[in-house]
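Asks: Okay, here's what each chain looks like letter by letter:
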Amino acid sequence: MPIRPGIDGHASLCPSYKAVCLLCVWLFLPFAANAAVLPEERADTMYHSYSGGGVTIDGPSVLVRKNIGDSVSVSANYYVDMISGASIDVESTASAYSEQRDEYSMSADYLVDKTTMSLGYTNSSENDYEAETVAFGISQAFFGDMSTLDLRVSYGSDEVFKNGDESFSDVAEHRRYGFSWNQILTQKLIAELSVETVSDEGYLNNPYRSVRFVDPSIPLGFSYQSEDYPRTRNSDAIAIRAKYRLPYRAAVKTEYRRYADSWGIDADNIEFRYTHPLDEQDEWILEGKLRFYKQSGADFYSDLFPYANAATFMARDKELSDFSNTSIGFGVSYRLPDRWSLFDRRNTVNLFWDYIYFDYDNFRDVRVHDGSTDIAVGEEPTYSFGANVIRFYWSVWL
Amino acid sequence: MSRSLLFIAIGLLLLSGCSATPWVQPYERHYLADPIMSFERDPIATGYMNHVYEAREAARGAEGGSGGGCGCN
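Line order of the protein sequences matches chains A and B.
One point on numbering: in this note's numbering, the residue at position 321 of the first sequence is 321, and numbering is uninterrupted.
One point on numbering: in this note's numbering, the residue at position 64 of the second sequence is 64, and numbering is uninterrupted.
Chain B extracted, bound-state conformation:
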């Protein structure tokens, strides 16, 4: 019984997630669209610095896969 309730609760939670609206609307992303808000503006330069560090440090990975920004272009 309690398990069924748990599934229902999770289902409702997921459904409510689908109906939630983004709290930053596309027209509110002008700051994020600014090129200075990219995590890395120039892939060629970022890749090189990652190489410099990884070659001289034991740590590796999770260098990041995104450029930030607004996702809108």
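Bound conformation, chain A alone:
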């Protein structure tokens, strides 16, 4: 049985929970886009891949959305993460592994005049983590459809297990409350304010993860012990984004988000995007993106604790450290000519590539101790790596 030391990049704190919550947001995305109309009827089939830091996570995703009558829209999604490789955490403390996460979700939207209500359900399953989430959202257009208010709540319930330890079992609960205000500002400018509060309770760390502490009793100079996180976490995030239509047919988007939580983590990210169709028929649409992210680490994070059991709460999860990342991305969408289009409908083929460079300030690369080295414990080089992210998908408007 492969020993999974935890995060390998596919999730940091509560892997399945995060994915499930994101999916709920994702299923509700169409709401405010056109609050007084139902979302577009379409089917998307995607191959996704993340490769970096010694890990590859890829798989398919299929999302179908269809109307029933004039006021109901239903959607279903099947998403798979196939994980393989050996991240730095794996190389440091355990063996490489592979596993799969399957996620099913469905939602229904009900439109009444300028109000859309939705219900969603998501189930995520892997061999040591089960997660279920239900979500409710309501969206209201007003002020001549210049403004759209969007409220969302969700509740998630997880069961956490540990491979190799049949006696281990714990639970976690997650509650999310989101609010968005979308506003048309001018004929060429639209903006949105989003606020979201998340409350977690239960087992929030990863049962495979370890912290490092100084141990003079062994030649290596350090040892590992299990991580221990607080059993509650509350976070707030606020984001503002705007999109502007340039004097020629192209658009720029900018977005800023500020984040803070009860674990002492503060984060900011900013993104710029440029969208440029090559012709009036939208046969080709090009897109470029830049994104910057920076965070301060959790209060109980340390790369190297001074001794065993040095604190009540301890973490050495690199996602809880001080770090920054920079992303650059390019994408192209191609609308297939009628002679190639299936079902006589609008068909597009899309390819997006992103490169993300992660640079950790206080997460050190202990692999230098694998060979002979003069580097002292705690003086190892800080870790950094680059990752490639691919999205390749085919869309059909039904």
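For the record, the hints were derived by calculation from the structure and aren't laboratory data.
You may find that some hints are simply not true.
What the hints assert, rightly or not - Stretch by stretch, here's where chain A covers chain B in the computed footprint (C-beta under 8 Å, at least three residues):
| id | region |
| --- | --- |
| 1 | 26–32 |
| 2 | 43–50 |
Said to hold, decoys possible - Here are the simulated distance ranges between beta carbons:
| id | chain 1 | residue 1 | chain 2 | residue 2 | range |
| --- | --- | --- | --- | --- | --- |
| 3 | A | 45 | B | 35 | 11 to 21 Å |
| 4 | B | 35 | A | 58 | 26 to 36 Å |
| 5 | B | 21 | A | 197 | 30 to 40 Å |
| 6 | A | 288 | B | 23 | 27 to 37 Å |
| 7 | B | 21 | A | 71 | 27 to 37 Å |
| 8 | B | 21 | A | 84 | 53 to 63 Å |
| 9 | A | 114 | B | 23 | 15 to 25 Å |
| 10 | A | 353 | B | 35 | 17 to 27 Å |
For every residue, glycine included, the Cβ atom is placed at its ideal position computed from N, Cα and C.
Chain B: place on chain A using the hints.
Replies: Frame of chain A, contents of chain B only:
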């Protein structure tokens, strides 16, 4: 007395809000109706990128709930 005046002032302000007219009329939203003006054109791709970031960053939430555009279709 001052409290009553305050309530009246707030009431008048709210009433004036109801009577205000949208400053961008539906027929003036052709730029906003362009698909390139959506905040996110393809939900399947947006959801995946949000997942990629949230799995590797501590920050979470406020990813956005709207697609932009003109609200008119």
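Asks: Would you mind marking each hint as holding or not holding in the structure?
Replies: Against the structure, the hints come out as follows:
Taking a C-beta to C-beta cut-off of 8 Å, the region 26–32 of chain B contributes 5 residues in contact with chain A, enough for the three needed, and the coverage statement holds. Given as covered by chain A, the region 43–50 of chain B passes the check, having 8 residues with a CB less than 8 Å from a CB of that chain where 3 are the minimum. One distance hint, 11 to 21 Å for the beta-carbon pair residue 45 of chain A and residue 35 of chain B, holds here, with the actual separation near 20 Å. Our hint of 26 to 36 Å for residue 35 of chain B and residue 58 of chain A holds, since their Cβ atoms are close to 28 Å apart.
Hint check: residue 21 of chain B to residue 197 of chain A, Cβ distance near 34 Å, so the stated range 30 to 40 Å holds. Remark: the range hint 27 to 37 Å for residue 288 of chain A to residue 23 of chain B is upheld by a beta-carbon distance near 32 Å. A C-beta distance of roughly 28 Å is found between residue 21 of chain B and residue 71 of chain A, which places it inside the suggested range of 27 to 37 Å. A hinted range of 53 to 63 Å holds for the C-beta pair residue 21 of chain B and residue 84 of chain A, which are about 59 Å apart.
For residue 114 of chain A paired with residue 23 of chain B, a C-beta distance near 19 Å keeps the hint of 15 to 25 Å intact. One distance hint, 17 to 27 Å for the beta-carbon pair residue 353 of chain A and residue 35 of chain B, holds here, with the actual separation near 21 Å.
Violated hints are absent here; each numbered hint is respected by the structure.
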